[in-house]
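Here the UniProt record's numbering is used: the first residue of the sequence shown is 1, the next is one more, and so on.
Heads up, some of the hints might be wrong.
Said to hold, decoys possible - Derived SDA-like pairs (lysine to any residue); straight-line CA-CA distance at most 25 angstroms:
#, residue 1, residue 2
1, K277, P245
2, K276, I310
3, K276, A20
4, K277, A267
5, K129, R110
6, K41, D66
7, K41, A20
Just so you know, the hints here were simulated from the structure itself, not pulled from any lab data.
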Amino acid sequence: MASHLQAGPPGLLWSINARAVLETIDRHGPLARPEITRATKLSKTTVAQTLNELTERGVVRVTGLDETRRGPAATLYDLNAGCAHGVAVDIGHHRTRVAIVDVRGNQLARAEAPSAQGREAATVAAVTKLIDECRAQASVTRLDHAVIGVPAVVSPRDGELRLVSGIPEDGKRLPELLASALPMPSTLENDTNLAAVAEYHDGEGAGTAAFVLVSVGAAVGAGIVVDGRLYRGFTGGAGEVAYLPMPEDAPAEVLGARAIATDAEAAGIPGNPSAKKIFELARTGDERALRVVDDTARRISRVIASISFILDPELFVLGGAVGSNGDLLLDPVREHLSRSAPLARVTVAASAVGEDAVLRGAAIEVWQHLREMAFTQATRAGQE
1 MASHLQAGPP GLLWSINARA VLETIDRHGP LARPEITRAT KLSKTTVAQT
51 LNELTERGVV RVTGLDETRR GPAATLYDLN AGCAHGVAVD IGHHRTRVAI
101 VDVRGNQLAR AEAPSAQGRE AATVAAVTKL IDECRAQASV TRLDHAVIGV
151 PAVVSPRDGE LRLVSGIPED GKRLPELLAS ALPMPSTLEN DTNLAAVAEY
201 HDGEGAGTAA FVLVSVGAAV GAGIVVDGRL YRGFTGGAGE VAYLPMPEDA
251 PAEVLGARAI ATDAEAAGIP GNPSAKKIFE LARTGDERAL RVVDDTARRI
301 SRVIASISFI LDPELFVLGG AVGSNGDLLL DPVREHLSRS APLARVTVAA
351 SAVGEDAVLR GAAIEVWQHL REMAFTQATR AGQE
């Protein structure tokens, strides 16, 4: 495990060299010594000594021999993906999902269950149960860090939750209860922010200078990514578009799954259909359902236009259980934007990350944390 790595030769220079070797192996491994020497421009002796030390510390492992090269077969070195493990958690309104990842970001196990109801303690118990299931699946005994997505604003200063939705009671004690129940340090993050992280790494946001994920589901929010980094705002509340001031006569639910259900009832669609059912009906050509979808698109376009004139991002991505219905929403959203905000220069796409977007974002965040933790410990100069 990364936390069990032993101290080695002292010196800042050794730490710098070891970091260069590790990052080279992480990007391009498995590699033989000559390849590492060429990539790092370190001497053969330095590379050999550094590899021996990193192997002893457990962050690098020998994976076999390269017998394809001319001359004697060369030993191959790679990152020891199992030197640290972490857990990603998505506490959603309806489902709670958990996954275990290693230092390479590989998902080793996954489990999910209906989100707990009643009390905050029930939410914590559900999370710990799913973590135990994943640990058993992956045969992992130690977890080094957790990243937990929550439907709330998370203060970047003290971790306090506010504007909580979908968590029993008011969710204020959730950080404390999780810290007491989990056997590893944890970081809480807003769920839409994590979905935006996933979109940046795996989806439409990849390679953009700035994009905004507009997530529409049980709740509505926006995740803002600028230069590859989340923008959370001073209090963590950036992107909480559901709390924008509205006209006094506006309905309580303007956008989201409940708003769609209300619109469906007003349109005379029988059976109290869910938002999912409305989109299914719209795909069959049901005119009432199509009107509800169009009205949803109009409201989404207003959110996008408002954000556009403030942030001017390169791209907007529609996500969430509602927003991800791009086949029905994209064209009407674009049409409403062209009519209501013709001066806005906006590009809109639909998320392709899927329902695991929050979990995937948490996995990316915990993988990056594990990698930095393992590399820092493994390259730390000895303390005498």
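Open item on the list: Against the 25 angstroms threshold, does the CA-CA distance of K276 and I310 hold or violate the hint?
Closed with: 32 angstroms, violated
Open item on the list: Please verify whether K129 and R110 have alpha carbons no more than 25 angstroms apart.
Closed with: With Cα atoms ~12 angstroms apart, K129 and R110 stay inside 25 angstroms; holds.
Open item on the list: Run the distance test for K276 versus A20: straight-line Cα separation, threshold 25 angstroms.
Closed with: It is violated: about 50 angstroms lies between the C-alpha atoms, which goes past 25 angstroms.
Open item on the list: Hinted pair, alpha-carbon criterion (25 angstroms max): K41, D66. Please report holds or violated.
Closed with: 21 angstroms, holds
- [ ] Would you check the hint for K41 and A20, treating anything up to 25 angstroms between C-alpha atoms as holding?
- [x] 10 angstroms, holds
Task: Given pair status - P245, K277, alpha carbons within 25 angstroms - done: Roughly 30 angstroms between the alpha carbons, so the hint for K277 and P245 is violated.
- [ ] Decide if the proposed pair is consistent with the structure: K277 and A267, CA atoms, cutoff 25 angstroms inclusive.
- [x] 14 angstroms, holds
The structure is inconsistent with the numbered hints 1, 2 and 3, although it conforms to all the rest.
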